[in-house]
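Keeping the supplied structure of chain C fixed, place chain R upon it in accordance with the hints.
Residue numbers (the numbering used here), protein chains in the order written: chain C, 13 to 371; chain R, 13 to 371.
Hints listed in this document are in silico derivations from the structure and should not be mistaken for laboratory results. Take these hints with a grain of salt, some might be off.
Any copy will do: because identical chains look the same in the list, a pair fits if it lies in one copy or spans two.
When the alpha-carbon atoms are kept at most 35 Å apart in a straight line, the in silico DSBU-like pairs for lysine-lysine are as follows [stated by the list, open to error]:
#1 364 / 191
#2 226 / 191
#3 270 / 364
#4 145 / 204
#5 298 / 315
#6 315 / 37
#7 226 / 315
#8 191 / 205
2 protein chains.
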Amino acid sequence: MEHLWAVVMAGGSGTRFWPSSRAAKPKQLLPLADREGTGETLLAATVRRLAGMVPPERVVVVLAERLVEATAAALPEVPRENLLAEPIGRNTAPCVGWACAWVRRRDPDAVVAVLAADHHIADEEGYRAVIAKAVGAAERGELVTIGIRPTRPETGYGYVEVGDAIGGGVHRVVRFVEKPTRERAEEFLATKKFLWNSGSFFFRADRMLDEIRKSLPQLADTLDALDEAAKAGNETERVRALYPEIRGISIDHGVMEKADGVAVVPGDFGWSDVGSWQTAWELAGKDDAGNAARGEVVLVDAKGCLVLGDGRRVVAVVGVEDLVVVDTPDAVLVVPREQSQRVRDVVEALQKRGRTDVV
Amino acid sequence: MEHLWAVVMAGGSGTRFWPSSRAAKPKQLLPLADREGTGETLLAATVRRLAGMVPPERVVVVLAERLVEATAAALPEVPRENLLAEPIGRNTAPCVGWACAWVRRRDPDAVVAVLAADHHIADEEGYRAVIAKAVGAAERGELVTIGIRPTRPETGYGYVEVGDAIGGGVHRVVRFVEKPTRERAEEFLATKKFLWNSGSFFFRADRMLDEIRKSLPQLADTLDALDEAAKAGNETERVRALYPEIRGISIDHGVMEKADGVAVVPGDFGWSDVGSWQTAWELAGKDDAGNAARGEVVLVDAKGCLVLGDGRRVVAVVGVEDLVVVDTPDAVLVVPREQSQRVRDVVEALQKRGRTDVV
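Just chain C, with the same shape it has in the complex (with noise of 0.2 Å):
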């Protein structure tokens, strides 16, 4: 596997886990699925779990301009040029694009594992089992995704339908589908012939580009100058001139549902992207009374809370069940765990305030 390299997406901001996650500091630069509270963040856990696998110095990071200096906390041992930074978001293509690109003037032969930064897998040997298997279909030039065996009728993920094995644990991909109703995602689940989209890739960056060449043409004159700016030594400053002008667009929908010859490999690793507070609770440690805290917190009669305090004030949480209550320096959450996901109200009543100091 000398060749392979990771590319991590740690390009989100996001609002669903406000007020510990900022615009300036994201889901994955925080330890939300963090058991032994080591304060672990969710990317630094991400390039950890390919130890082994991918040296530090084979991690490219692609991210907001604004979270290079927090990233590169977060990630000591990872180079700091390689660290992508992006002047403006533009979903997905154009970061997989630009890693291939300065990966493959690094290593022709190079493989790419592009990576979700906030994911949590809870079974890491298993993921380390499937990772091997995608790359060995990459390396044979297939452009792989892996799939995740559903647990439920999830209406929040794109899924993949399975077709034939082609070997190696790995099987063709019939298609992709969007995100479904109920009543589809709960037929794809019977059928046992769907898996989710997880959003994790494989392939060979010279094959990714060739299918960007294909797919987006104007994307891939935007790095074949990317190329030239980089032989002249001028590559951050193309970049900031030449991103504003990409056409914004996922890898799922620009490449991969348009490429012959998709590749799946299903795993089933503990797999979840980590979606909400309710999703933190579920992750983290707990007391015999289903209660997740951190900092110096006091429960009276407290039961299935999620607790988060900032080490030093304290959070005393009395007679109260299934309530997440994060404390941070500038702001307090209290919602119903089954609640979670309006937090996103919040953050926009904030803006309405204009706020934008707290969201």
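The following block gives chain R in isolation, referenced to the frame of chain C:
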């Protein structure tokens, strides 16, 4: 009423309003019934209610030494020398005795109104009318208490049994009754002969000092010593030396219950002892959904909540009912309104942890 003095008992500490109330900032120094949002403390309201009857120069506040600065700040119009600092709490009899001695030195014909610093009165005009009756009886030499018409079979208060009318809206007291069982409290409510003992008293200072000599001769000797010390100009030093030796006893038990010819004026002026966050919510101004909020608060689908921010930090409360959320610079509390008396469990837990800095 040129001989009427107010003696405000502001010695209490209490933990029922944690985290807003602290050892250094007890309940009477909080704006707990501040419907107009002016920030008026319960203590300041106690003094303001007497406007027109007792000028600031005739207001005396008996308080703990550590609260002198904060109390002076809450009552800037009251002369600093009128703040009588107890080096240690010894219940209310020594407090009332000292204040009577102090007042009598300045006005041998003084009539004293002994008032709690931390109660709320909804109908202030009605209150002043009742006070006027009580003062009239006190001028005629009676020991007078104000009894509140019960609105529920409360087991948390003492009661006064009302006897014959003696003119001027004043009745003889048959007896004082300690906090009753639920069953007795219901009987009391049914007979209509019992009033809540509100803990405010009216008498001539010299009459009370005579009663103290009869019932608490040791305290009377101490007060004599303080009169001597005042002449010698070292009252403060003598208070510090003598107070620790005084037996702690309440004015109710120590004097009022033993005295002959005690009178009561029934009152019905929206009295509250502001006993818990639940009461603070009841007294507060509320929005259409029954929420009382102060500070930078974001409410999303919240009902019947009391949410107190510290003014700068954002407090977001989503999808909950009847919850108390109190945010202070070093502590946050979340508790259902109906359980707000359990705040004391939090304070106990913090004391056990040695976190006396936050209680």
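Results of checking the hints against the structure:
1. With identical chains, the CA atoms of residue 364 and residue 191 are at most 35 Å apart within one copy only, with a shortest distance of 30 Å there and 52 Å across copies.
2. In this assembly of identical chains, the alpha carbons of residue 226 and residue 191 lie at most 35 Å apart only when taken from the same copy (26 Å versus 87 Å across copies).
3. Proximity of residue 270 to residue 364 under the C-alpha cut-off of 35 Å is found in neither arrangement, the shortest distances being 40 Å within a copy and 65 Å between copies.
4. In the homo-oligomer, the alpha carbons of residue 145 and residue 204 lie at most 35 Å apart inside one protomer (21 Å), although the nearest pairing across protomers, at 85 Å, exceeds that limit.
5. Proximity of residue 298 to residue 315 under the C-alpha cut-off of 35 Å is found in both arrangements, the shortest distances being 10 Å within a copy and 29 Å between copies.
6. In this assembly of identical chains, the alpha carbons of residue 315 and residue 37 lie at most 35 Å apart whether taken from the same copy (29 Å) or from different copies (31 Å).
7. Taking identical chains as interchangeable, the C-alpha atoms of residue 226 and residue 315 are never at most 35 Å apart, the minima being 55 Å within one chain and 56 Å between chains.
8. In this assembly of identical chains, the alpha carbons of residue 191 and residue 205 lie at most 35 Å apart only when taken from the same copy (16 Å versus 71 Å across copies).
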